Amino acid sequence: MKHTPPQQTEIARVHFGADPDCVSTVIETLLGHIFRGAPPDDVLATFEIALAEVINNIIEHACRYDSSAIIEVRVNRCEGGVQFHFVDSGFEMPAAKLPAGQLRDLGCARQELPEGGFGWFLIRSLTDDLRYRRRGGENHLSFRLQIGALA
Amino acid sequence: MELSSEQYPDVLLITVQSKRIDASGAIQFKDRMRALTGQTAGRVVLDLQQVDFVDSSGLGAIVASMKQLDPGQMLELAALSPTVEKVFRLTRMDSVFTIHARSSDAIESLKKAN
Chain A
1 MKHTPPQQTE IARVHFGADP DCVSTVIETL LGHIFRGAPP DDVLATFEIA LAEVINNIIE
61 HACRYDSSAI IEVRVNRCEG GVQFHFVDSG FEMPAAKLPA GQLRDLGCAR QELPEGGFGW
121 FLIRSLTDDL RYRRRGGENH LSFRLQIGAL A
Chain B
1 MELSSEQYPD VLLITVQSKR IDASGAIQFK DRMRALTGQT AGRVVLDLQQ VDFVDSSGLG
61 AIVASMKQLD PGQMLELAAL SPTVEKVFRL TRMDSVFTIH ARSSDAIESL KKAN
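So the protein lines, in turn, are chains A and B.
Using the working numbering, read the first sequence as starting at 1 and increasing by one per residue.
Using the working numbering, read the second sequence as starting at 1 and increasing by one per residue.
Wrong hints could be hidden among the right ones.
Beyond 12 Å from chain A on every Cβ pair, some chain B residues (computed) [as the list claims (entries may be wrong)]:
#1 E6
#2 Y8
#3 A41
#4 R43
#5 S57
#6 K86
#7 S95
Cβ-Cβ distance ranges computed for the label pairs, FRET-style [claimed, not checked]:
#8 E112(A) / P82(B): 28 to 38 Å
#9 D31(B) / E60(A): 18 to 28 Å
#10 P71(B) / C22(A): 25 to 35 Å
#11 R89(B) / H15(A): 39 to 49 Å
#12 S68(A) / S95(B): 20 to 30 Å
#13 S104(B) / R13(A): 26 to 36 Å
#14 P82(B) / A12(A): 20 to 30 Å
#15 S104(B) / D42(A): 18 to 28 Å
#16 Q17(B) / R133(A): 37 to 47 Å
#17 Y65(A) / D31(B): 45 to 55 Å
#18 P82(B) / E92(A): 47 to 57 Å
#19 M74(B) / G137(A): 45 to 55 Å
#20 H15(A) / D105(B): 39 to 49 Å
Please keep in mind that the hints were generated in silico from the structure rather than gathered at the bench.
Keep in mind it's a predicted model, so treat the numbers as computed, not measured.
All C-beta atoms in this analysis are idealised placements derived from N, C-alpha and C, irrespective of residue type, glycine included.
The following block holds chain B by itself, in its conformation from the complex (with noise of 0.2 Å):
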């Protein structure tokens, strides 16, 4: 489970270097998010891009590592496959994460917000 990252003035922006996110990858990704997240304050995207899959348990991991943040904290999440956007909108777990179409878009828009 490879997760790489990037701080940005107020976005830290991980990318999963992995095509998968299920039942055999599920805690070390939970493990390292919180590695990651653990340093920053400010908001979090999850670029997805390269995520083919994602499983019950890899969605259970991607809410898990939303916990992990400060309360005032977002996750958010960009770069959707097919497969894995179909998970979050049967489980409507789209309602609960912001998601992006790519991640420059998140990133883009605190920008102009500056």
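Pulled out of the complex, with its shape left as it was, chain A reads as follows (with noise of 0.2 Å):
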């Protein structure tokens, strides 16, 4: 069976180091190529969240806070979302695959309570399509994030 990606329309390609510093400017880069105007509170909540997550692991695991190691994000226009894109020249993802993120029972004791394993958990529930590959020593990783349809 031959796959046809879905049309897809290039919004923008942003290039950015990997310094946790400077996250919030990239997100609000992106959003402002994706949206004339303020989306609604959940759209820009779910844009927001899933993309920090993304990017802090990027930042986090693959570049291991090297500053001066470039991310490269594609964002594409797809049927009733965006596409994003992420290529990094960092190390592999675990496994060769992605975590499951599963959240842990929250019925324990206090002190028993997780203090993290929430970022995949929070990326897998907002996006679709999630998939992670490795090619020439990059990593690829994309997903899409749905909206209806944009302004």
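From the two separate chains plus the hints, produce the assembled complex.
Printed below as a string of structure tokens:
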């Protein structure tokens, strides 16, 4: 079976250094390319959370906080939403696959509550078609965020 | 990472003055919370009205701050923005914390109880 990619239009291609202090600016820049005016609260929330978690992961685990490492993100309009494709030359994902991101039970004693492990759960909750590939020494991570009809 | 605090008769109100509690400020947040809550034994209300965004690191830091309290002490949250509320709801952490629409709700109800 041949897979025909859905119709896509490139909105933007952005490069940025792997620096945690720049994450909010990068997200603002991406949102500025995607939306004319402020999107509805829930759409904005989805985009901000998913993008922050993905970018944080790439900075921390792939690039290991090397702020001279460059991350590329290609942003494409697709049917009903926006597709993101992140590329970096950092370390490979452990076991070459995406973390499951399962939440732990919260009915435990206070001191046993988790302080981490939320990131991949949030990413999986908010994204469609999440894919990871290692190609030619690069990490390729892509996913879609739905927003219905774009302005 | 800026936090300010006001001590009421039975409630310590801590207001986050920064717009984000995220990966770049989570550790400072935890440290500041430990310093502020270490002196008090009663309820603690964390006002997040000025916070536009909390990521998974920020969420972890808020959970850690609660774990830093004495066993009987509660950490309550107030004034969550839509994006912050969504993070708590998706991770089901909204069932772990008492969440108020406004910090005045948390303090008024205490005055009524007295």
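Going down the list of hints, with the structure as the test:
no., hint, in the structure
1, E6, "25 Å, holds"
2, Y8, "23 Å, holds"
3, A41, "16 Å, holds"
4, R43, "15 Å, holds"
5, S57, "7 Å, violated"
6, K86, "4 Å, violated"
7, S95, "6 Å, violated"
8, E112(A) / P82(B): 28 to 38 Å, "30 Å, holds"
9, D31(B) / E60(A): 18 to 28 Å, "20 Å, holds"
10, P71(B) / C22(A): 25 to 35 Å, "40 Å, violated"
11, R89(B) / H15(A): 39 to 49 Å, "34 Å, violated"
12, S68(A) / S95(B): 20 to 30 Å, "42 Å, violated"
13, S104(B) / R13(A): 26 to 36 Å, "47 Å, violated"
14, P82(B) / A12(A): 20 to 30 Å, "25 Å, holds"
15, S104(B) / D42(A): 18 to 28 Å, "26 Å, holds"
16, Q17(B) / R133(A): 37 to 47 Å, "42 Å, holds"
17, Y65(A) / D31(B): 45 to 55 Å, "20 Å, violated"
18, P82(B) / E92(A): 47 to 57 Å, "36 Å, violated"
19, M74(B) / G137(A): 45 to 55 Å, "50 Å, holds"
20, H15(A) / D105(B): 39 to 49 Å, "46 Å, holds"
Of the numbered hints given earlier, the model fails hints 5, 6, 7, 10, 11, 12, 13, 17 and 18; all others are met.
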